[in-house]
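Engineer: Got chain A sorted already, so can you dock chain B onto it with the hints?
Here the protein sequences come in this chain order: A and B. If you want this note's numbering, it's the position in the first sequence, counting the first as 1, plus 6. If you want this note's numbering, it's the position in the second sequence, counting the first as 1, plus 465.
Simulated from the structure, these hints should not be mistaken for laboratory data. Heads up, none of these hints are tricks.
Below, a sample of chain A positions facing chain B; criterion: calculated Cβ distance under 7 Å:
| hint | residue |
| --- | --- |
| 1 | V124 |
| 2 | M142 |
| 3 | E160 |
Under the rule of at most 27 Å between Cα atoms (straight-line distance), these lysine-lysine pairs were calculated in the DSS-like manner:
| hint | chain 1 | residue 1 | chain 2 | residue 2 |
| --- | --- | --- | --- | --- |
| 4 | A | K113 | B | K584 |
| 5 | B | K634 | A | K96 |
| 6 | B | K584 | A | K96 |
| 7 | A | K84 | B | K732 |
| 8 | B | K729 | A | K170 |
| 9 | B | K658 | A | K57 |
| 10 | B | K604 | A | K96 |
| 11 | A | K170 | B | K732 |
| 12 | B | K607 | A | K96 |
| 13 | B | K636 | A | K167 |
| 14 | A | K167 | B | K634 |
| 15 | A | K169 | B | K634 |
| 16 | B | K603 | A | K96 |
| 17 | B | K732 | A | K140 |
| 18 | B | K729 | A | K138 |
| 19 | B | K636 | A | K205 |
| 20 | A | K208 | B | K636 |
| 21 | B | K732 | A | K167 |
| 22 | A | K113 | B | K658 |
| 23 | A | K84 | B | K729 |
| 24 | B | K597 | A | K187 |
| 25 | A | K104 | B | K584 |
| 26 | A | K96 | A | K138 |
| 27 | A | K113 | B | K508 |
| 28 | B | K584 | A | K108 |
| 29 | A | K170 | B | K850 |
| 30 | B | K636 | A | K96 |
| 31 | B | K658 | A | K108 |
Here are the in silico distance ranges between beta carbons for each label pair:
| hint | chain 1 | residue 1 | chain 2 | residue 2 | range |
| --- | --- | --- | --- | --- | --- |
| 32 | A | N196 | B | E524 | 52 to 62 Å |
| 33 | A | N182 | B | D582 | 15 to 25 Å |
| 34 | A | T202 | B | N801 | 45 to 55 Å |
| 35 | B | D828 | A | N196 | 46 to 56 Å |
It should be emphasised that the depicted structure is a prediction, and the values quoted were computed from it without experimental measurement. No residue lacks a Cβ here, since even glycine has one placed at the ideal position from N, Cα and C.
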Amino acid sequence: MKKKQNIFHYCKIQNNSVLLNDKLIVSEDKSILFSEFSKMLYHQIKLNYPKFFKMDDLSKLALITSEYLLTDYFKKTKKPNDISIILSNKSSSLKTDKQFQKTIDNKDSYFPSPSLFVYTLPNISIGEICIKHKFMGENIFFISENFNSTLINEYASSIIKNKKNSIVLCGWVDFNEENFKAFMYIASNNYIYNITTNKIDKLFK
Amino acid sequence: MEKEKYSKIMNSIYLSSNNIISSLGFNTKENIEKIKMGISGIKLYNTFKHLNEYTAKVENKILNKKFSKIGANNNYTKLEKMMILSLNDTISKSPFPITKHTALIISTTKGNIDLLDLKNSKLDPERVYLTKLGEVIKKFFKFYNDPIIICNACVSGVLGITVAKKIIKNKNYKNAFVVAGDIVSNFTLSGFKSLQAISEKPCSPYSKDRNGISLGEAAASVAISSISNSKNIAEVIGEGESNDANHISGPSRNGEGLFKSINKAIKIASLTGNEIGYICAHGTATIYNDEMEAQAFNRLNMQHIPLNSLKGYFGHTLGAAGLLETIIASKSMNNNYLYKSYGFNKIGLTLPLNIIKKNQKKDFSIFLKTASGFGGSNVAILIKKYNN
Chain A
7 MKKKQNIFHY CKIQNNSVLL NDKLIVSEDK SILFSEFSKM LYHQIKLNYP
57 KFFKMDDLSK LALITSEYLL TDYFKKTKKP NDISIILSNK SSSLKTDKQF
107 QKTIDNKDSY FPSPSLFVYT LPNISIGEIC IKHKFMGENI FFISENFNST
157 LINEYASSII KNKKNSIVLC GWVDFNEENF KAFMYIASNN YIYNITTNKI
207 DKLFK
Chain B
466 MEKEKYSKIM NSIYLSSNNI ISSLGFNTKE NIEKIKMGIS GIKLYNTFKH
516 LNEYTAKVEN KILNKKFSKI GANNNYTKLE KMMILSLNDT ISKSPFPITK
566 HTALIISTTK GNIDLLDLKN SKLDPERVYL TKLGEVIKKF FKFYNDPIII
616 CNACVSGVLG ITVAKKIIKN KNYKNAFVVA GDIVSNFTLS GFKSLQAISE
666 KPCSPYSKDR NGISLGEAAA SVAISSISNS KNIAEVIGEG ESNDANHISG
716 PSRNGEGLFK SINKAIKIAS LTGNEIGYIC AHGTATIYND EMEAQAFNRL
766 NMQHIPLNSL KGYFGHTLGA AGLLETIIAS KSMNNNYLYK SYGFNKIGLT
816 LPLNIIKKNQ KKDFSIFLKT ASGFGGSNVA ILIKKYNN
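Looking at chain A on its own, in the form it has when it is part of the complex (with noise of 0.2 Å):
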């Protein structure tokens, strides 16, 4: 009975697909790579972010969906001055880790890359949006073989009953090798309480 009061608000971006709050919203040739479906996306979206174009696939890749998401829910909702992010994934920062480790591997053409170093951490994907939205909250990034819903909507639920923000950006965002799945959703008072994890896993698939 509940559940029809308000509509989750998700976006999901996999196969070259984007999926915004059960709509279909782009379908790509699956053989197309991620360098050139992320570029397709950011013009759509019109992102206008040239930042974007230094970032390491992760950060692209949590960027778009949080765009996509945060722009749709923002349209209907006033944008508060902060929310807090929640992410996970399984493979970490693997993707970029191997490319640094690439460029250290070898004595002889030993040549560590700053710019590749600094996104050999999970959490720069959370930042990202942080410093596109200027959103200040509570940042936390796990790892999980799957995608643990139940922990994730406990923490954000904590946190939005401990009145620290009233928005949580929830998800999972990973990158392995060629392959990626991103999934976010919002948490908010009343998604708490309407929404099973259940029906979150379900939707995650």
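Structural biologist: Chain B in isolation, oriented as in the chain A frame:
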């Protein structure tokens, strides 16, 4: 009123048994004794062929000897051995056993990153995944629950404590073991060097001639529960977190994120700020970090509170730092004793701070622990002396 009081009691979270494995020793007591004697673990190592740097390392020989009593050295990476050995000590002295309601919380920034250099190991390269590292630890101690793994740059260790506080309040978990660890690897050393963030001499937090960090390796662990017990050493009374939203690898100029974090923690603990007797700060010894801290502490009017950075003893142990330093600071509080900020000489900040220059006696019952890291993260926790 009654109800409010009750809920506050229910929310109390206590730190009890603990361990630190670092360049200074293999348990908390050994580490404290070295600090008291004014000994630093930072030395010049020529670890990686062409890199001669000041770092603080855990001696492999001693580690392997100690680990051989509980496991086969060849089956584990250095970090796994450090984390398991640390947890083993903490669990064996814990006031509670591992049950279905016990959480395993793991904090690390880079985990087994040394496995990316395939020449390093005969072990399964999949162990570079933090989830695999978590599985290894879970399996060793037969934890019932999958680990909660935190990978949030240099605030990961302190977040281990705040995550425990959040989850112990719910029904699934009654208590938790938190372990935090990182090693000195070619990966991190080369990376920080490429950012020109490594000091050419042992790091000297807050000093005029400071010029970067010294990397260190360590594993620290602690048992956390909401139950009163004579083994409890301290109570977590407040926590606050805030992102600078400023730069991914540089701190905010005015310390806004740190300022907000500390304010939140004070509010949650229902304090005014005057009750704080000591600040165990982050103090990495980079020019910008230490200056940023001075800005934040001055904005909070905390510049008179005795403060130190423990990085001069252990180096910057990345994901382990926050937990390791909280344990040392809790011991400091319980011993009524403040330790000097090792490596400090002449103050090099645009605003004053009360840096602890000599070991000294001091009675205090509340301290503030802060940490800041890449990605703009800032965390502050307030810790109170445990009164049974």
